[in-house]
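Chains as they are written, first to last, in numbering that gives the first Met the number 0: chain A, 0 to 357; chain B, 0 to 356; chain C, 0 to 334.
The hints are simulated quantities; they were obtained by calculation from the structure and are not laboratory data.
Only a predicted model underlies this, so the values are computations on that prediction, with no experimental measurement involved.
Note that beta-carbon positions come from the ideal geometry of N, C-alpha and C, so glycine has one too.
Honestly, I wouldn't trust all of these hints.
[Stated by the list, open to error] Using 25 Å as the maximum straight-line C-alpha spacing, the simulated BS3-like pairs for lysine-lysine come out as follows:
no., chain 1, residue 1, chain 2, residue 2
1, C, Lys-51, C, Lys-180
2, B, Lys-132, A, Lys-138
3, B, Lys-153, C, Lys-239
4, A, Lys-130, B, Lys-138
5, B, Lys-241, A, Lys-152
6, B, Lys-153, A, Lys-252
7, A, Lys-152, B, Lys-255
8, C, Lys-232, B, Lys-138
9, C, Lys-239, B, Lys-138
10, A, Lys-274, A, Lys-3
11, B, Lys-153, C, Lys-265
12, C, Lys-60, C, Lys-265
13, A, Lys-138, B, Lys-128
14, C, Lys-51, C, Lys-330
15, C, Lys-180, C, Lys-330
16, B, Lys-274, B, Lys-255
17, A, Lys-304, A, Lys-294
18, A, Lys-353, A, Lys-304
19, C, Lys-127, C, Lys-137
20, B, Lys-138, A, Lys-252
21, B, Lys-132, A, Lys-130
22, A, Lys-152, B, Lys-329
23, B, Lys-132, A, Lys-294
24, B, Lys-61, B, Lys-332
25, A, Lys-3, A, Lys-192
26, A, Lys-138, B, Lys-241
27, B, Lys-274, B, Lys-329
28, C, Lys-232, B, Lys-128
29, C, Lys-232, B, Lys-132
30, C, Lys-180, C, Lys-265
31, C, Lys-119, B, Lys-128
32, B, Lys-128, A, Lys-294
[Claimed, not checked] Only some residues are given here: those of chain C computed to face chain B with a beta carbon under 10 Å:
no., residue
33, Lys-232
34, Ile-243
35, Lys-244
36, Arg-246
37, Ser-249
38, Asp-253
39, Met-273
40, Glu-277
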Amino acid sequence: MTNKYSPEFGQEELDLLSRLSNALSVSGDEQEVREIVYAELQEFKDSMHTDAMGNVLVHREGSGPDRLRVLVDAHMDEVGMMLTREDGDGLFEFVVVGGIDPRQLVGKPVIVGRQHVPGVIGAKAIHLTTKEEREQVLKVNALRIDVGLGGSKMVEIGDRATFATTLQVLGPSLRGKALDDRLGVFNLIQLLKNAPDNIDLLAAFTVQEELGLRGAKVAAYHFNPDIGIAMDSTPANDLPHFDSEVNTTHNTKLDGGPAIYLMDGATIGDRRLIKWLSETAEAEGIPWQYRQPGKGGTDAGAIHKTRAGVPSVSVSVPQRYLHSPAGMVRIDDELNTLKLMHAALSRLDKSILKSQEN
Amino acid sequence: MTFEILPFLKSMLSVAGLSGYEASIRDVITPVWQELSDQTWVSSHGSLHAMCYGEGAEPRPKVMIAAHMDAIGLMVTGIEDGFLRITQVGGVDPRILPGQFVTVHGSQSGQTVELPGMVVMPPAHLLPKDGQKGPLPQKYLLVDTGLRAEEVEKLVRVGDVISFATEPRELSGDTLSGHTLDNRASVAATTFALDMLSRRKHLWDVIAVATSQEEVGGIGAMGSSFDIMPDFAIVIDVTFAKGPGGGDAVLFDMGKTITNTWGSCDHPALYEAMKATADEYEIPLARDFAPSGSGTDAYDVQIAQAGIPVVELGIPLRYMHTPVEVVSIKDVKRAGRLMAEFISNLPLDFMNTVRWE
Amino acid sequence: MKSDELLNVLQMLVETPGPSGSENLIRSKIEAEIRDHVDEVYTDALGNLIAKKGTKTEGGKRVMISSHVDEIGLMVTHVDDNGFARFIAIGGVSPFTCIGGRVVFMNGTHGVIGMERLDKDEQPSLAKLFIDTGATSKEDSKVGVGDVCGFERPFVTLGKRLVAKSMDDRAAATVAIQALKSIENTPNEIYFVFSVQEEVGLRGAITAAYGVDPEVGIAVDVTRTGDTPMGVKMEVALGKGPAIKVRDSSFIADPRVVNWMVDEAKAQGLPYQMEVLEAGGTDGAAIQRTRAGVPAGCLSIPCRYVHSPSEMVDVDDLQQSVSLLAGLLSKAITF
Numbered sequence: 000m001t002n003k004y005s006p007e008f009g010q011e012e013l014d015l016l017s018r019l020s021n022a023l024s025v026s027g028d029e030q031e032v033r034e035i036v037y038a039e040l041q042e043f044k045d046s047m048h049t050d051a052m053g054n055v056l057v058h059r060e061g062s063g064p065d066r067l068r069v070l071v072d073a074h075m076d077e078v079g080m081m082l083t084r085e086d087g088d089g090l091f092e093f094v095v096v097g098g099i100d101p102r103q104l105v106g107k108p109v110i111v112g113r114q115h116v117p118g119v120i121g122a123k124a125i126h127l128t129t130k131e132e133r134e135q136v137l138k139v140n141a142l143r144i145d146v147g148l149g150g151s152k153m154v155e156i157g158d159r160a161t162f163a164t165t166l167q168v169l170g171p172s173l174r175g176k177a178l179d180d181r182l183g184v185f186n187l188i189q190l191l192k193n194a195p196d197n198i199d200l201l202a203a204f205t206v207q208e209e210l211g212l213r214g215a216k217v218a219a220y221h222f223n224p225d226i227g228i229a230m231d232s233t234p235a236n237d238l239p240h241f242d243s244e245v246n247t248t249h250n251t252k253l254d255g256g257p258a259i260y261l262m263d264g265a266t267i268g269d270r271r272l273i274k275w276l277s278e279t280a281e282a283e284g285i286p287w288q289y290r291q292p293g294k295g296g297t298d299a300g301a302i303h304k305t306r307a308g309v310p311s312v313s314v315s316v317p318q319r320y321l322h323s324p325a326g327m328v329r330i331d332d333e334l335n336t337l338k339l340m341h342a343a344l345s346r347l348d349k350s351i352l353k354s355q356e357n
Numbered sequence: 000m001t002f003e004i005l006p007f008l009k010s011m012l013s014v015a016g017l018s019g020y021e022a023s024i025r026d027v028i029t030p031v032w033q034e035l036s037d038q039t040w041v042s043s044h045g046s047l048h049a050m051c052y053g054e055g056a057e058p059r060p061k062v063m064i065a066a067h068m069d070a071i072g073l074m075v076t077g078i079e080d081g082f083l084r085i086t087q088v089g090g091v092d093p094r095i096l097p098g099q100f101v102t103v104h105g106s107q108s109g110q111t112v113e114l115p116g117m118v119v120m121p122p123a124h125l126l127p128k129d130g131q132k133g134p135l136p137q138k139y140l141l142v143d144t145g146l147r148a149e150e151v152e153k154l155v156r157v158g159d160v161i162s163f164a165t166e167p168r169e170l171s172g173d174t175l176s177g178h179t180l181d182n183r184a185s186v187a188a189t190t191f192a193l194d195m196l197s198r199r200k201h202l203w204d205v206i207a208v209a210t211s212q213e214e215v216g217g218i219g220a221m222g223s224s225f226d227i228m229p230d231f232a233i234v235i236d237v238t239f240a241k242g243p244g245g246g247d248a249v250l251f252d253m254g255k256t257i258t259n260t261w262g263s264c265d266h267p268a269l270y271e272a273m274k275a276t277a278d279e280y281e282i283p284l285a286r287d288f289a290p291s292g293s294g295t296d297a298y299d300v301q302i303a304q305a306g307i308p309v310v311e312l313g314i315p316l317r318y319m320h321t322p323v324e325v326v327s328i329k330d331v332k333r334a335g336r337l338m339a340e341f342i343s344n345l346p347l348d349f350m351n352t353v354r355w356e
Numbered sequence: 000m001k002s003d004e005l006l007n008v009l010q011m012l013v014e015t016p017g018p019s020g021s022e023n024l025i026r027s028k029i030e031a032e033i034r035d036h037v038d039e040v041y042t043d044a045l046g047n048l049i050a051k052k053g054t055k056t057e058g059g060k061r062v063m064i065s066s067h068v069d070e071i072g073l074m075v076t077h078v079d080d081n082g083f084a085r086f087i088a089i090g091g092v093s094p095f096t097c098i099g100g101r102v103v104f105m106n107g108t109h110g111v112i113g114m115e116r117l118d119k120d121e122q123p124s125l126a127k128l129f130i131d132t133g134a135t136s137k138e139d140s141k142v143g144v145g146d147v148c149g150f151e152r153p154f155v156t157l158g159k160r161l162v163a164k165s166m167d168d169r170a171a172a173t174v175a176i177q178a179l180k181s182i183e184n185t186p187n188e189i190y191f192v193f194s195v196q197e198e199v200g201l202r203g204a205i206t207a208a209y210g211v212d213p214e215v216g217i218a219v220d221v222t223r224t225g226d227t228p229m230g231v232k233m234e235v236a237l238g239k240g241p242a243i244k245v246r247d248s249s250f251i252a253d254p255r256v257v258n259w260m261v262d263e264a265k266a267q268g269l270p271y272q273m274e275v276l277e278a279g280g281t282d283g284a285a286i287q288r289t290r291a292g293v294p295a296g297c298l299s300i301p302c303r304y305v306h307s308p309s310e311m312v313d314v315d316d317l318q319q320s321v322s323l324l325a326g327l328l329s330k331a332i333t334f
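Please build the complete structure, drawing on both the sequences and the hints.
This is the structure:
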């Protein structure tokens, strides 16, 4: 390939990903990430706009003839919480936005609202609990966000909240919140800045993925692309089996490279695109893996059903512990995902749509 | 040196110091106590003792202030594919563990290495039946350090301690959240008292003790009491503040009062004397009922050698034994001030009044 | 040759009954075994056998080594008109390991354990069990209320694996005895305590530790393993060397003692394992809590099927434990 692109993960990249990961951008209020995307992509300001739902859409034109119009998607929103009722001084009842296992909420520091007001989700002292109580999951309606005495002046109901997690490097790994899907946002920013000219890159930074792929639906309608690719993050359930049996349903594994989707709950991946991605990885010597067919879904679920249909596929960075206070990914997997996407886009032409493998 | 309570307390919350492994917290407290006392030394179980001599004629009576400095946490029981299996040090409700950030205290060529990690829940399909729904029993939880298996094998061994890594954070209204405010809030209060006493006349010898291993059974307090044998002891620990999920048993409003324990570990005459001092100085002091013992160092201090009269103070705290405990700094200062006023007003013959009627 | 001696001592100890509170017989056997190798030997008020060896010199410490010589057993609570004896446990006895078992009373009477019928889904409990001593009536019974028995099982060797009842803690007592014999010069004043009543709450070690007033203490005891099919999760395995206790549910070993033991094992090139035991306690906890507090640890011998009549240890683990213990005690203690 010409146009060799070898991404690195240095201080500049760590800073950007930290800002993205640490931002509070719960589905329905993605303003903080939108601002970062705008600030990063000033060079595209004339071809960038925010649509009716809040998606940030960038049209980056290529230069050759016969260019494919390729939608690449990453969602800006994250799962989180919203304050719903004041229950005493500085104490708030809340609901969960998106899918968070309530077992992940107890005893965690949080941030609330645009000002990132510090708070905590406490739990009854173990000394005061009964054995029966400890055998029950603490339900969300029994928990409160506590921002401290007099805190009712600092925040208000309707404010969104998320875990007070900051991105950290742990040896070969990154640990941070909302890496689902800020890694995708990060990668899409990098792809735009280093875009190959053989395609028209239609970048969609979408909203409300966690509430049912809602932003991607209108973004894809707007772009009406030839093909669509969702860049997301997928669970790596590669933990040991308690009784040392083989873990046959790991979904993906860390250090396995980018995960190419065959089928999830929302999309059956386009065979031509799957082949294109896996062949690119092989040709470039990039480690890759299939995401085991299973449940779940990415924005591809919305994109492929848009208008008269869009051949679509998903590529994900494997990640442990999604939708918890922090996920964990390998830096190598992240870089290899970016590398694969760039190499694949660089070799893309219209012939891909001629073959009939479906 | 001017002593400032909030930075000192935050610095104490930033180190581990699990029960039995208190060196790191002791090292934070020692220089501060050295400034405020005549002499410091360490007990055979690692409790820190600081002596502030009184001005009375010898033989002087002595009062001990005991506040435990150890922390609850976790310990490595096994290593599997780079993941750590864990058990507890002290009492942790396993329901608060998933998703907690921790520090694994491993070692490399004899030097301690601190590895950041987090407690994680394996997916249900990797667990036996009782791990497939409901709260996960602790035996199924793992710690992931983000390191690859071969690296973990080099750095971590069975028995290494794991501390909570939640950073202290100031919440609104002069409150502070963090792990191990139980009982470093009381160490801060004790230090506040020593600071006040350093500028006051007091007849009695005062020995402050930051005890070890309270969370695993009052081990440090047991030995220190035996060793020091004070005329009486003030044991200060945290108590339950009103708050979410607290239930009806919890009585005290954080930020509004500190407590004076009334129960089997507490000498009534000392209780009354402390109450009188609080009234005199208008320090709100509520009665905390502990008819069968309060589960603090007091339990072991009281029965050292031929017995020691004890009075117990409490600082209300929310979410005890979670990494997001919350305490009011105002209460911490109140407790420190009350101890200082009480001690500086002790007459040499005070013990004559500590009697059963 | 050394190995034979170790096995002989072990066999003698495990085949002697001695439930908590009835340690006379086992105490006298141990006393005879060690008398010629120590400076002084005495029995304290609770019945602990205490042997002193060495005099404290430069760099030395007063050290207490405690291995308990009692074992779990049963005590008769009632003998019915037909001669069947009901009982309670002395220490942690599981009904599962009783059923069909045999016992021997301190007066030499033998008995077998039988069980009442169980209701559907009922779990066996000690209350459902009884001892049949062959008596046909209350009058005919050679045992009565308060009589004590231990479990009866012969000592067998299965290659390197050794099986008997009361490996807990006679395996450890054997290690202490062999270490005691092998120590020639020491700057330490060592008190080998063969403690009583450990199985009912470390009671012997509590008074022994107060009396000895040591500067450092090590319990020698067995620990369970995680190396059997679908067993408990635990890293300790049979045959992988002495286990150095970091903690159990009774105490947290002093890190200085832990490191002292690790360093000695490394220096001798012995295999060793770190032990975190989530259930069970040892004399180490009693030593630790004495007077103003004593740094204490525990040298553990990996043992499968603890508190069953067929406890299994590994002979290499035993020999390495002897070597580790003797090495620790023969040199100045520098912490």
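Contradicted hints - numbers only: Structure breaks no hint.
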